[in-house]
Amino acid sequence: MSIDVQSKKKLKFTDEDRISALPDDLIHQILKSVDTKEAVQTSILSKRWKFVWTTLPFLKFKWAHPRFQDTSVNKSNAKFTRHVLNYRNHNSSISCLELKYLTPGLLDRFIKYAIAHHVECLDVHLRHKHKPYMLGSFSSGSIKKLKVRMSFEDIVPESDCWDLPALTSLHLCRLFLFFENQNLPERCITCLPALRDLCLEDWDLRESSLSFNWPGLTSFCLIKCILPTKVWNFPGLKSLELLDVTFPKNMREIFTALVSLKDLILSFDEALSSISDFLGRSPPPFCNLKYVKLPHGSEEAIISNNLRSYLLGASPTASIVTTFSQLMLKYLLGTGMYLLTCRNWDLM
Numbered sequence: 001m002s003i004d005v006q007s008k009k010k011l012k013f014t015d016e017d018r019i020s021a022l023p024d025d026l027i028h029q030i031l032k033s034v035d036t037k038e039a040v041q042t043s044i045l046s047k048r049w050k051f052v053w054t055t056l057p058f059l060k061f062k063w064a065h066p067r068f069q070d071t072s073v074n075k076s077n078a079k080f081t082r083h084v085l086n087y088r089n090h091n092s093s094i095s096c097l098e099l100k101y102l103t104p105g106l107l108d109r110f111i112k113y114a115i116a117h118h119v120e121c122l123d124v125h126l127r128h129k130h131k132p133y134m135l136g137s138f139s140s141g142s143i144k145k146l147k148v149r150m151s152f153e154d155i156v157p158e159s160d161c162w163d164l165p166a167l168t169s170l171h172l173c174r175l176f177l178f179f180e181n182q183n184l185p186e187r188c189i190t191c192l193p194a195l196r197d198l199c200l201e202d203w204d205l206r207e208s209s210l211s212f213n214w215p216g217l218t219s220f221c222l223i224k225c226i227l228p229t230k231v232w233n234f235p236g237l238k239s240l241e242l243l244d245v246t247f248p249k250n251m252r253e254i255f256t257a258l259v260s261l262k263d264l265i266l267s268f269d270e271a272l273s274s275i276s277d278f279l280g281r282s283p284p285p286f287c288n289l290k291y292v293k294l295p296h297g298s299e300e301a302i303i304s305n306n307l308r309s310y311l312l313g314a315s316p317t318a319s320i321v322t323t324f325s326q327l328m329l330k331y332l333l334g335t336g337m338y339l340l341t342c343r344n345w346d347l348m
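Quick note on numbering: UniProt numbering labels position 346 of the sequence shown as 346, and the sequence is numbered without any gaps.
Among the hints, erroneous ones may be present.
As the list claims (entries may be wrong) - Derived pair list, reagent style BS3-like, types lysine-lysine, alpha-carbon separation capped at 27 Å:
id : residue 1 : residue 2
1  : K50       : K37
2  : K100      : K60
3  : K37       : K47
4  : K37       : K79
5  : K100      : K37
6  : K50       : K60
7  : K238      : K144
8  : K144      : K112
9  : K50       : K145
10 : K60       : K32
11 : K47       : K60
12 : K147      : K112
13 : K79       : K62
14 : K62       : K145
15 : K112      : K75
16 : K62       : K75
17 : K32       : K145
18 : K100      : K224
19 : K62       : K37
20 : K100      : K75
21 : K100      : K32
22 : K224      : K62
23 : K32       : K62
24 : K47       : K79
25 : K144      : K224
26 : K60       : K112
27 : K262      : K224
28 : K79       : K32
29 : K249      : K238
30 : K147      : K262
31 : K79       : K112
32 : K37       : K144
33 : K62       : K100
34 : K230      : K249
35 : K32       : K50
Just so you know, the hints here were simulated from the structure itself, not pulled from any lab data.
Bear in mind the structure is a predicted one, so any value in this text is a computation, not a measurement.
With the hints as constraints, model all of the structure from the sequences given.
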């Protein structure tokens, strides 16, 4: 046997060894960002990887929207999903599970399986015509982070509520239906004793029955929502994020009630237009402001007089800087920092 042939064989063996030598935890992290179908396909990379997918703690099944699903593709996806469910190592726990547009039967089965295997992070996107789903179906002692897009109008009966004692982060998305405004039940939030981070997306909250009286919240995010006129009772709120929202006329009173707020994040357009009108008539609150940073390429002239007065009125030595990509206001306090960040995000 020639030296070249021996070298090639040795090289192939060494390459195989490098892949095989990776610990399961590292392989799992590598596969964390891909769909489960792609993760299973990596089983051909080496003998060592052949069954690694069976212990994956991160599972993602993201089907196409039912309107665009081909019948044959739909059957293939269902077959693959059932294969993973049947042949996965059932002694391995599930850390994160993401399900999008699965058929009702498979979705129900996977949620039950994940809860039985101590899932901590669950992301579920139901179909538009999914049968009414019970909140109690999500009850679990292990789930810490939950994101749900579903029709909450269909929740029955009134006593239905989820039991999630460990849940600290909740993201509720309205299932978009034309010409239909959905009401978000208060019990979706109030029965969660450990809840600290809440995100509401795509809701018209003007006539909502929500009380906005959740003293335990420390972080609140609203995305593409129409805000209510109710003054919020969030005495412990540290972070507020308002992205592509419609402000009520009394937003000044709402802001004033947030006595513990340290981090306020707004889309840049909202900061320049919406808040300049009602905040410009308020006393400037920033006594120790150092600078205002505008997006790169922006000019100081885009700041209205009202907004300029509100931001700089109490800090005569503060200056406007245009060398960064974010508008950041740093208000130094004795024990911390007040941060107002206005990001130029494209939310479409």
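Against the structure, the hints come out as follows:
1. Between K50 and K37 the CA atoms are separated by roughly 14 Å; this keeps the pair inside 27 Å, and the hint holds.
2. At most 27 Å may separate the alpha-carbon atoms for a hinted pair to count; K100 and K60 meet this at roughly 8 Å.
3. Between K37 and K47, the direct Cα distance comes to roughly 18 Å. Compliance with the 27 Å bound is thereby established for this hinted pair.
4. Distance hint between K37 and K79 is fulfilled; the C-alpha atoms sit about 11 Å from each other, no more than 27 Å.
5. For the proposed pair K100 and K37, the alpha carbon gap of about 14 Å is at most 27 Å, so the pair holds.
6. The hinted pair formed by K50 and K60 meets the criterion: a straight-line CA distance of about 19 Å does not exceed 27 Å.
7. With a CA separation close to 20 Å, the supplied pair K238 and K144 stays within the 27 Å bound.
8. Distance check on the hinted pair: K144 and K112 sit about 16 Å apart at the alpha-carbon level, within 27 Å; holds.
9. Between K50 and K145 the alpha-carbon distance is near 30 Å, which puts this suggested pair outside the 27 Å criterion.
10. Proximity of K60 to K32 is assessed by CA-CA distance (about 9 Å); at most 27 Å being required, the pair is judged to hold.
11. For the given pair, K47 sits about 23 Å from K60 by alpha-carbon distance, which is consistent with the 27 Å threshold.
12. Annotation: proposed proximity of K147 to K112 holds, straight-line Cα distance about 16 Å (limit 27 Å).
13. Our distance criterion of 27 Å between C-alpha atoms is met by K79 and K62, whose separation comes to about 14 Å.
14. Using a Cα cut-off of 27 Å, the hinted pair K62 and K145 holds, with the two alpha carbons roughly 18 Å apart.
15. For the given pair, K112 sits about 22 Å from K75 by alpha-carbon distance, which is consistent with the 27 Å threshold.
16. Proximity of K62 to K75 is assessed by CA-CA distance (about 14 Å); at most 27 Å being required, the pair is judged to hold.
17. Between K32 and K145 the CA atoms are separated by roughly 17 Å; this keeps the pair inside 27 Å, and the hint holds.
18. Restraint check for K100 and K224: satisfied, since their Cα atoms lie roughly 21 Å apart, inside the 27 Å limit.
19. A C-alpha spacing of about 10 Å is found between K62 and K37, which places the hinted pair at or below 27 Å, so the restraint holds.
20. A C-alpha spacing of about 15 Å is found between K100 and K75, which places the hinted pair at or below 27 Å, so the restraint holds.
21. For the hint pairing K100 with K32, the CA-to-CA distance comes to about 17 Å; that is within 27 Å, so the pair holds.
22. Annotation: proposed proximity of K224 to K62 holds, straight-line Cα distance about 23 Å (limit 27 Å).
23. Distance hint between K32 and K62 is fulfilled; the C-alpha atoms sit about 14 Å from each other, no more than 27 Å.
24. Restraint check: the Cα-Cα separation between K47 and K79 comes to about 24 Å, which is no more than 27 Å; the hinted pair holds.
25. Between K144 and K224 the alpha-carbon distance is near 24 Å, which keeps this suggested pair within the 27 Å criterion.
26. This hinted pair checks out: K60 and K112 have alpha carbons roughly 15 Å apart, not beyond 27 Å.
27. Among the hinted pairs, K262 with K224 is consistent with the structure: their alpha-carbon atoms are about 22 Å apart, no more than 27 Å.
28. In summary, the hint linking K79 to K32 is supported, as the alpha carbons are separated by about 22 Å, within the 27 Å threshold.
29. Between K249 and K238 the CA atoms are separated by roughly 23 Å; this keeps the pair inside 27 Å, and the hint holds.
30. Using a Cα cut-off of 27 Å, the hinted pair K147 and K262 holds, with the two alpha carbons roughly 25 Å apart.
31. For the hint pairing K79 with K112, the CA-to-CA distance comes to about 18 Å; that is within 27 Å, so the pair holds.
32. Annotation: proposed proximity of K37 to K144 holds, straight-line Cα distance about 25 Å (limit 27 Å).
33. Pair hint K62 plus K100 holds up; C-alpha atoms about 5 Å apart against a cutoff of 27 Å.
34. Restraint check for K230 and K249: the C-alpha separation of about 11 Å stays at or below 27 Å, so the hint holds.
35. Of the pairs offered as hints, the one joining K32 and K50 holds, with about 17 Å between alpha carbons and a cut-off of 27 Å not exceeded.
Of the numbered hints listed earlier, the single one contradicted by the structure is hint 9.
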